[in-house]
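Visitor: Below are the chains, spelled out letter by letter.
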Amino acid sequence: DQQVKQNSPSLSVQEGRISILNCDYTNSMFDYFLWYKKYPAEGPTFLISISSIKDKNEDGRFTVFLNKSAKHLSLHIVPSQPGDSAVYFCAASARDYGGSQGNLIFGKGTKLSVKP
Amino acid sequence: DAGVTQSPTHLIKTRGQHVTLRCSPISGHKSVSWYQQVLGQGPQFIFQYYEKEERGRGNFPDRFSARQFPNYSSELNVNALLLGDSALYLCASRKGSRTGNEQFFGPGTRLTVL
Numbered sequence: 001d002q003q004v005k006q007n008s009p010s011l012s013v014q015e016g017r018i019s020i021l022n023c024d025y026t027n028s029m030f031d032y033f034l035w036y037k038k039y040p041a042e043g044p045t046f047l048i049s050i051s052s053i054k055d056k057n058e059d060g061r062f063t064v065f066l067n068k069s070a071k072h073l074s075l076h077i078v079p080s081q082p083g084d085s086a087v088y089f090c091a092a093s094a095r096d097y098g099g100s101q102g103n104l105i106f107g108k109g110t111k112l113s114v115k116p
Numbered sequence: 001d002a003g004v005t006q007s008p009t010h011l012i013k014t015r016g017q018h019v020t021l022r023c024s025p026i027s028g029h030k031s032v033s034w035y036q037q038v039l040g041q042g043p044q045f046i047f048q049y050y051e052k053e054e055r056g057r058g059n060f061p062d063r064f065s066a067r068q069f070p071n072y073s074s075e076l077n078v079n080a081l082l083l084g085d086s087a088l089y090l091c092a093s094r095k096g097s098r099t100g101n102e103q104f105f106g107p108g109t110r111l112t113v114l
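These protein sequence lines are chains A and B, in that order.
As numbered in the working numbering, residues 1 to 116 make up the first sequence, in order.
As numbered in the working numbering, residues 1 to 114 make up the second sequence, in order.
The reader is advised that the hints may include incorrect statements.
Derived pair list, reagent style DSS-like, types lysine-lysine, alpha-carbon separation capped at 27 angstroms [as the list claims (entries may be wrong)]:
id : chain 1 : residue 1 : chain 2 : residue 2
1  : A       : Lys56     : B       : Lys95
2  : B       : Lys95     : A       : Lys54
3  : B       : Lys13     : B       : Lys95
4  : B       : Lys52     : A       : Lys108
5  : A       : Lys111    : A       : Lys68
6  : A       : Lys111    : A       : Lys71
7  : A       : Lys5      : A       : Lys71
8  : A       : Lys68     : A       : Lys5
9  : A       : Lys56     : A       : Lys108
I should point out that these hints are in silico values taken from the structure, not numbers from a laboratory.
Hey, can you work out the whole structure from these sequences and the hints?
Guide: Take a look at the structure:
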C-alpha cells in the first residue's frame with residue numbers, strides 16, 4: 001500500500017501563475033516531509049522541507065503547507081517559471097526506535113509543465 | 001563543494017551477472033542511503049548506512065547488499081541480476097540522522113539488464 005500519494009500525475013500552469021502540487025500520506029508516524037524536483041537523467045534535487053511541528057515553511061518562491069489533521073501537504077510555487085518544469089516528488093520519513101530520522105518514502109511524482 | 005558522486009553513469013549487464021555501484025557522499029556527510037527508481041515511480045529505499053553500520057534495509061531480496069567504508073563512501077552490490085533490476089540507482093547522503101532529514105542525491109547509475 002502506498003503511504004505517500006500524489007494523485008495528480010501531471011499539472012500544466014501558465015508562466016507567472018501559481019503552481020500547487022498536492023500530497024497525501026497515511027502513516028501518522030511521519031514527522032518530516034520534503035519536496036524534491038527531478039529533471040530527466042538527473043538525481044532528485046532537494047527543494048524544501050517541513051517538520052511536523054510547523055504548518056508552513058517558505059523559501060523564496062516555494063512554500064510548503066502541512067495539514068496534519070488531514071494528513072495532507074502542498075507545495076506552492078509563485079510565480080511559476082518555465083524552468084520549474086520538472087517532476088516533483090513528495091517524500092516523508094519517521095523516526096526509528098533510536099530517535100533518528102529513517103529512510104524517505106516517496107510518492108510517484110507529479111509532472112509540472114509551465115508554459116510561457 | 002562537490003555534491004554526491006556516483007559511478008558508473010550507465011551500465012549494461014546480462015541476466016545472472018553481478019554489478020557493483022559506487023557512491024561518494026558530500027564531504028562531512030556520514031550517512032549514505034541507496035534508492036532504486038523505476039520508470040513512473042518514486043525512488044524506493046534499499047539501504048541506509050551511518051558510520052559504517054547498516055541502519056535500515058528496504059524490501060529487497062538478499063541479492064542486494066551494500067557496505068560503507070571508513071571514508072564514508074559506499075558500494076551497492078547486486079548478484080544474479082534479473083531483468084526487473086533494470087532501473088536508476090540513486091545514492092543520497094546527509095550529515096547526521098537526528099535533526100532534519102534532508103538527503104542530497106547523486107545523479108544516479110542507470111542499470112540496464114538484458
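Visitor: Against this structure, judge whether each hint is valid.
Guide: Evaluation of the provided hints:
About 24 angstroms separates the Cα atoms of lysine 56 of chain A and lysine 95 of chain B, which keeps this hinted pair within 27 angstroms; it holds. Restraint check for lysine 95 of chain B and lysine 54 of chain A: the C-alpha separation of about 22 angstroms stays at or below 27 angstroms, so the hint holds. Between lysine 13 of chain B and lysine 95 of chain B the alpha-carbon distance is near 33 angstroms, which puts this suggested pair outside the 27 angstroms criterion. For the hint linking lysine 52 of chain B to lysine 108 of chain A, the alpha-carbon distance of about 30 angstroms lies beyond 27 angstroms, and the restraint is violated.
Between lysine 111 of chain A and lysine 68 of chain A, the direct Cα distance comes to roughly 25 angstroms. Compliance with the 27 angstroms bound is thereby established for this hinted pair. For the given pair, lysine 111 of chain A sits about 22 angstroms from lysine 71 of chain A by alpha-carbon distance, which is consistent with the 27 angstroms threshold. The hinted pair formed by lysine 5 of chain A and lysine 71 of chain A meets the criterion: a straight-line CA distance of about 11 angstroms does not exceed 27 angstroms. Note on lysine 68 of chain A and lysine 5 of chain A: the hinted pairing holds, with a Cα-Cα distance of about 15 angstroms set against a maximum of 27 angstroms.
For the given pair, lysine 56 of chain A sits about 23 angstroms from lysine 108 of chain A by alpha-carbon distance, which is consistent with the 27 angstroms threshold.
Violated hints, in rising order: 3 and 4; the structure is consistent with all others.
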